[in-house]
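Novice: Just so you know, the sequences run in chain order S and G.
Under the numbering used here, the letters of the first sequence match residues 6 to 127, in that order.
Under the numbering used here, the letters of the second sequence match residues 36 to 229, in that order.
FYI, nobody ran anything at the bench for these hints, they're computed from the structure.
Fair warning: this is a prediction, and the values are worked out from it, not measured in the lab.
Do not rely on the hints blindly, as some may be mistaken.
Quick look at which bits of chain S chain G covers, simulated, 3 or more residues with Cβ under 8 Å [said to hold, decoys possible]: (1) 24-30; (2) 35-47.
Calculated lysine to any residue pairs in the SDA-like style (CA-CA distance at most 25 Å, straight line) [to be verified]: (3) Lys27/S - Glu87/G; (4) Lys12/S - Ala214/G; (5) Lys12/S - Gly58/G; (6) Lys27/S - Thr113/G; (7) Lys129/G - Arg151/G; (8) Lys12/S - Arg218/G; (9) Lys129/G - Gln162/G; (10) Lys27/S - Asn186/G; (11) Lys12/S - Thr113/G; (12) Lys12/S - Ser202/G; (13) Lys27/S - Glu170/G; (14) Lys27/S - Lys129/G; (15) Lys27/S - Arg151/G; (16) Lys27/S - Glu188/G; (17) Lys12/S - Gly183/G; (18) Lys27/S - Asp46/G; (19) Lys12/S - Ala205/G; (20) Lys27/S - Thr84/G; (21) Lys12/S - Asp217/G.
C-beta: ideal position from N, C-alpha, C; glycine also.
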Amino acid sequence: MMTDDDKAMAVLDDLLRDAAEKPPAPPAGLTARVLADADRVQPQAARPERRLGARGGSARWLPGGWQGLGGLVAATCAGFWIGISPPEVLPDTGAVLFGYETVDSSGFATGADGFGWDAEEG
Amino acid sequence: MPRDALTTVSDDALLLLYARGDGAAARELTGRLLPRVWNQARRMLGDQTEAEDVAQEAMMRLWRMAPDWEQGRAQVSTWIFRVTANLCTDRLRKRRVSALDEVDEPRDPAPGAEARLQMQARSDALQAALDSLPERQRQAVVLRHIEGLANPEIAEIMEISTEAVESLTARGKRTLAAALADRRAALGVMNDDG
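The task is simple: from the sequences and hints, build the whole structure.
Specialist: Shown next as structure tokens:
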């Protein structure tokens, strides 16, 4: 015959079994908040497709990225400037092409003479 | 990766996928862990709103820890049960434990709703009895008998020995049974025949 303690324990086991086997689902609002948190703190470094916006997309395939592109533009500008306004020691290629100047090739030889190489050799 | 393809993936691997930017991994982990975490907090705290806050905070700590998780170090579920237990402990220390007598008596049921109300009354009675337990006994009973964890895993969560877990759950059950016996009339399920 069951004692009162036995009966109480049997009822408790019954209640615990119910609680374990039929847990209620978490509220939908809680699930939504948890998923929003997960999205908000997801590591950024692992999500390049979200980090790069429309502006960043076109440069990511260039060697060196934006920095590489900047260097290329600077070198192009410098080359263009040297082309239209060359230093005095260089021939003006544009003027030569259009016939405003001629290249005095003898000047190079004369310059070489200036070092005195011809004198050393006799 | 589609969520269906993740159902057989371990919690460990899901956490790694999440840390690498897989949103579906977060949904799968939430589906697995949130119901258990929320239920644990609900049974520990006896308060729906506080349980939601604790569950959300525990899951947030999981997301933040994901990049640093060492594969195979521990079970993800064990880790989050421990976080939840600690969060519940913090909350319980800030408020007094609800008294068993504060639970409403079951109301006269409307026709057709009797079974549902009876089930609610049983759940409330169990919660009230749980609320009357000392905190450590409650933790052990909830993890063992409601979450269905094995004693070694509970020992890891509570950072005590397996023997201590056995002692806590045994004492907890005796106290629970006594508390429920006091409410036999309200429960309506502890008649002499049953």
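Novice: Each hint needs a verdict: does it hold in this structure or not?
Specialist: Okay, the hints, checked on the actual structure:
no.	hint	in the structure
1	24-30	holds (count 5)
2	35-47	holds (count 10)
3	Lys27/S - Glu87/G	holds, 19 Å
4	Lys12/S - Ala214/G	holds, 13 Å
5	Lys12/S - Gly58/G	violated, 50 Å
6	Lys27/S - Thr113/G	holds, 21 Å
7	Lys129/G - Arg151/G	violated, 33 Å
8	Lys12/S - Arg218/G	holds, 13 Å
9	Lys129/G - Gln162/G	holds, 19 Å
10	Lys27/S - Asn186/G	holds, 22 Å
11	Lys12/S - Thr113/G	violated, 34 Å
12	Lys12/S - Ser202/G	holds, 21 Å
13	Lys27/S - Glu170/G	holds, 24 Å
14	Lys27/S - Lys129/G	violated, 30 Å
15	Lys27/S - Arg151/G	holds, 13 Å
16	Lys27/S - Glu188/G	holds, 22 Å
17	Lys12/S - Gly183/G	holds, 23 Å
18	Lys27/S - Asp46/G	holds, 23 Å
19	Lys12/S - Ala205/G	holds, 16 Å
20	Lys27/S - Thr84/G	holds, 20 Å
21	Lys12/S - Asp217/G	holds, 13 Å
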